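Enquirer: The primary structure of each chain is shown beneath.
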Amino acid sequence: MGSNTPAVSMRNITKTFGTIVANDDVSLDIYKGEILSLLGENGSGKTTLMNMLSGIYFPDSGQISINGQPVTIASPREAFDHGIGMIHQHFKLVDVFTAAENIVLGLKEEGRLDLTRAGERIRKICDTYGFDVDPKQKIYNMSVSQKQTVEIVKVLYRGADILILDEPTAVLTPQETDKLFAVLRNMKKDGKTVVIITHKLHEVEAISDRVVVLRKGRYIGEMKTSETNAQEMTNMMVGREVALNIDRPAPVDPRPRIRVENLTVRSSDNVLKLDDVTFTAKAGEILGIAGISGCGQKELLEAIAGLQPVQSGSIRYINDDGTEENLVGKDPLKIADMGVSLSFVPEDRLGMGLVGSMDLTDNMMLRSFRSGKGIFTDRKTPRKLAEKVVEELEVNTPGVSTPVRRLSGGNVQKVLVGREIAASPTVLLSAYAVRGLDINSSYTIYELLNQQKKEGVAVVYVGEDLDVLLELCDRILVLCSGRVSGIVDGASADKNQVGMMMTRLGGGASDE
Amino acid sequence: MSKANREPLLHITKRKAMPWQQSWLIRLISIVAALIVCAVITTAATGLDPMSVYGTMLEGAFGTERKIWVLGKETAVLLCIAVAMAPAFRMKFWNLGGEGQVLIGTLISAACMIYLGDKIPSGLLILLMVVASVVVGAIWAGIPAFFKAKWNTNETLFTLMMNYVAIQLVAYYIIIWESPKGSGKVGIINQSTNAGWLPSLGSYQYLLNILIVALVTILMFVYLKYSKHGYEISVVGESQRTARYVGIKVDRVIIRTLLVSGGICGLCGFLMVAGTDHTITTTLAGGRGFLGVLVAWLAQFNPLAMVLVSLLLCVLSRGAGEISTIYGLNQSFGDILTGIILFFIIGSEFFINYKIHLRGGARKKGGSN
Amino acid sequence: MFDIVSFIPRAIMQGIPLLFGCTGETISEKSGSLNLGIPGVMYVGGICGVIGAFLYEQSAGGNVNGFLAVLIPLLACLIGSLLMGLLFSLLTITLRVNQNVVGLAMTTFGVGVGNFFGGSLIKLTGSDVPSIALSATSKYFSKGLPFGGSGAFSKMFLSYGFLAYVAVIIAFVTAYILKRTRVGLQLRAVGENPATADAAGINITKYKYLATCIGCMVAGLGGLYYVMDYASGVWSNDAFGDRGWLAIALVIFTLWRPNIAVFASFLFGGLYILYLFIPTGGDMAVKELYKMLPYLVTIIVLIFTGMRNKRENQPPESLGLPYFREDR
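Residue numbers (my numbering), protein chains in the order written: chain A, 1 to 512; chain Y, 1 to 369; chain W, 1 to 328.
Don't read these hints as lab results, they were simulated from the structure.
All values derive from a computational prediction rather than experimental measurement.
Any given hint might turn out to be false.
Chain Y residues, not near chain W, derived (Cβ > 12 Å throughout) [said to hold, decoys possible]:
#1 LEU160
#2 ILE175
#3 GLY247
Quick list of simulated restraints, FRET-style, between CB atoms [claimed, not checked]:
#4 ASN353(Y) with SER59(W): 46 to 52 Å
#5 ASN440(A) with ILE36(Y): 41 to 47 Å
#6 ASN152(Y) with ASP114(A): 35 to 41 Å
#7 ASP114(A) with VAL173(W): 15 to 21 Å
#8 ASN152(Y) with GLY241(W): 30 to 36 Å
#9 THR72(A) with SER59(W): 55 to 61 Å
#10 PHE7(W) with GLY182(Y): 23 to 29 Å
#11 LEU211(Y) with VAL173(W): 55 to 61 Å
#12 GLY351(A) with GLN191(Y): 54 to 60 Å
#13 GLN451(A) with ILE356(Y): 43 to 49 Å
#14 LYS123(W) with GLY286(Y): 20 to 26 Å
#15 PRO398(A) with TYR327(Y): 50 to 56 Å
#16 ASP337(A) with GLN191(Y): 15 to 21 Å
#17 ALA33(Y) with SER135(W): 38 to 44 Å
The beta-carbon is built from N, C-alpha and C at its ideal position, and this holds for glycine as well.
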């Protein structure tokens, strides 16, 4: 803004994790006294980029300069020395400590530990910017918003001039968000620089001076917020439409199979995850679920699968003869005992869907090990199944006795999907089924889902790539912060429309 | 790349998996290294050359037929406890209460012998002792398991404390049963009638014990590897989330598995009283409850490896005993050697699970697996 | 009649080794290291002190210098326990081996070391009884406070050797450091949430090493106190018994607070010897049941803290877990 030398300048930053390129040759300037939005979809590399500024990661290549001086930032402490502080999405706080203890933790101040004096300083910071923190309150007694405030105060207490906030509003109510934004504006007035990582367009518009857009690890562009609009930002964020040519056979005789009504779910720490969700999944079609990650997709699928306690609402399974069964309050075993064949491909493949240290055969057994009489497991059938899956889905593995952890991501997913399909389900739930997979494996998965659809299975596909959702799914339910933003027709929906619905409740028309 | 990039001198990353041949080679190397260190220490303590030290040790372990039988008996006891620990550890439940579970088994066995020795036939008595010791051992392990399953009470410390409750209980009954009065010892129970004593197979006193333990080991191997329960245990141990995902009742599995674990410990107590010692003391388990934990852990639940590790430790301790007797050291010398060997094998696990990258060199290789 | 004047000193003398062990283990656990090797460490601490004293008494002949007689065993004890601490740290912190496994192996090893050297020394002295007496050294260790008289008060509070007071001081100082100082705050952060502490710029490895080693040295003093003061300089194998485990139990009982441990250790010491003072007539057996009390009480405390009545009373959150920064 005012000055020509940027406060922070990142040049040609590249960072890889194994084979995944998180940031690819990104350059970015941050100027003193501005509020900058870093905009991008999930997995676009926003957080990774900022983590390199705050000393969590070290870039593979590239140069960071502070006020024109080249620097290396090897640890969070060195970042603080340069006046950079980051507020992470997962708070780094010690639960049994008080706010003041957390704030002074790791500081090398002169003299003995004086929490009273620290408390006074904390109050002063709070007065300056309009926070409300009780230095003596324990973290575990605090709300999420209070914890976030502690994190911000912690950074300010260390004299940071540049604050990076990673999706700060994801956990806040609208009122708390307004309060946070007011604080951020006060900081800006005080000459501080603020970077906010977000994917919510209205927040970009509400708070920032300038916006930088990343997509798939790459720098796409930047503009002044006052000179752009939601449409342009959405375009830059999601990119141009790509022709994928995924098959979408017409649904044959779609009948309601799962009816979810007024479903409300809270997480164990009492955060509202799903709010009054109502929809119907039909046999013989693929219902896509779109949304920014963490908007309740996981809870929705787990609630249907019997893994998530439901606060209110109903989940009904509709048999072919029209009779209905309530799935709420039943665990996976009871659901199976009711004769409901429900398969679930969870997001966490090796932590939930499969056991990494077990081989293919044993993983096939996860679903079937109870079958058969007697105390012994039948290994022949799962072994045959494993061999069949390996052959039909072209799983690249040394054999069926290889621990699945050693397989590549695509092959792990084939094993998981293969097992879930083998149970000949009537409902197939899948979460991020192609995440981290190469093109070929992805297409194998799409084909498998389509095949299930043709066989009359009600397929629920939670996805993150809008292009895929639009080409694969018959209908798309868009979630936004745990609520149904709308349900659109897959063939006729427009990508931008869905993109807007993801970030703003009811951002588009609903057609059901 | 910027010149200012600094990397730490040593960079440690987790390995994904290592072929079993390689991991066993590393363990073997560590055992050899440990034996060398032990030889140096023994030489320092005795002034002997290392070869004759090991010669003496092997002599002590295998020198006579009697010594071999004693070795077999000792190995059987340690193996039995390790086998008992195996299902709990496979589930990642730290059962450090083997000592107490064994002792409580010895206690109930001794009680049966003392109170019922002259009332029921010996065969029935033995049967009753087996059942009672298994049940009581299972209860002793089941209590901490229950609290772990229901309230996630720390099982490490709970099982540890249960050991001492058992020890004091045994101490109480020793005084009640002491014979002759005032000796502080129970003495050989039913020496005249041999009621409740396990019969010798032919002239081999310890053979039955060894066979029973071998049977238990095989059964446990089959149980863990081929039964539905064993499968559930593995899933719960690897990932409780996966277990819930497929509808396994985690708390029930925890309790059931510890009942099995404690039951076998109880059986081990029975074997000690009925099969070998025919008496009861508070030190009958003699730290083997803990050593069994280490054996199970080192063997990574592989029963064959458990046999080998138990044998190795018993050979060492018998061998060190021989050295102690001959060269006027004391018996605890064996504990020191055991300790050293354990530290080496334990330390070697690091090299199996982690990879060390030196600065500069293998930067590219880091993410290769 | 319950003889309180003789009960209290005995309870306290029983309690002091527990207090050392408990304070040491607390320091270690506050950094996240559950050191089950403490019983072994206390044996090593005791025997190293005995070796030091033995060698000094042998070389000094008749004229034992009081200062050296205290200093040499003390140093020997501290060095021995430090080595054990380093061993535990190396294996669990640097090599990230499971703490329970290392702890148990250390206990086996430590008890073995104690009994081996103890046995060897006994053999060296050629005595008839299976013990070794270092009465010259013990004299200096068990000397009561100089201003103590012979009244009941003096007997109950001023009659102990200096290590007893050191134990109490260490416990209170540790409590103060943990609660009130920057070092304590950072140490607790390491044990609660190493990732957070790491992000705050605290050197996790350094803190864990220091806490574990210092913890071992403090615990080792418990072994030394036991031999030199409580047992009047007489080492006999296995005499130290299960006090090390009891010290670990005491940590839970005191909810990781060394200042509470001062009183709790005396209470445990009292429970440990209560059987001697409760009139049970000739019934020796019941006395054994009374010895169960400390453990039962610990189990009950464990169950209740496990039911999460209060977050402050929980074990350090990362207790027993190795820290590996790259676990993402």
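Enquirer: Does each hint hold? Answer for all of them.
Expert: Tested hints:
1. Consistency note on LEU160(Y): stated as away from chain W, yet its beta-carbon is not over 12 Å from all of that chain's, at 6 Å minimum.
2. Some Cβ of chain W comes within 12 Å of the Cβ of ILE175(Y); the nearest lies about 4 Å off, and the non-interface call is violated.
3. With a closest Cβ-Cβ approach of about 26 Å to chain W, GLY247(Y) is found to remain outside the 12 Å limit, as its non-interface label requires.
4. Our hint of 46 to 52 Å for ASN353(Y) and SER59(W) holds, since their Cβ atoms are close to 48 Å apart.
5. At about 53 Å, the CB distance of ASN440(A) to ILE36(Y) disagrees with the hint of 41 to 47 Å.
6. At about 37 Å, the beta-carbon gap between ASN152(Y) and ASP114(A) stays in the expected band of 35 to 41 Å.
7. Between ASP114(A) and VAL173(W) the Cβ separation comes to about 19 Å, which falls inside the hinted range of 15 to 21 Å.
8. A hinted range of 30 to 36 Å for the beta carbons of ASN152(Y) and GLY241(W) is consistent with their spacing of about 31 Å.
9. A beta carbon spacing of about 57 Å between THR72(A) and SER59(W) agrees with the range 55 to 61 Å that was offered as a hint.
10. For PHE7(W) paired with GLY182(Y), a C-beta distance near 26 Å keeps the hint of 23 to 29 Å intact.
11. The beta-carbon spacing between LEU211(Y) and VAL173(W), approximately 58 Å, falls within the hinted interval of 55 to 61 Å.
12. A beta carbon spacing of about 59 Å between GLY351(A) and GLN191(Y) agrees with the range 54 to 60 Å that was offered as a hint.
13. At about 47 Å, the CB distance of GLN451(A) to ILE356(Y) agrees with the hint of 43 to 49 Å.
14. A beta carbon spacing of about 22 Å between LYS123(W) and GLY286(Y) agrees with the range 20 to 26 Å that was offered as a hint.
15. The hinted range of 50 to 56 Å is satisfied by PRO398(A) and TYR327(Y), whose Cβ atoms lie roughly 53 Å apart.
16. Checked against the hint of 15 to 21 Å, the pair ASP337(A) and GLN191(Y) fails, with Cβ atoms roughly 58 Å apart.
17. Restraint check, ALA33(Y) to SER135(W): a C-beta distance of roughly 43 Å satisfies the suggested window 38 to 44 Å.
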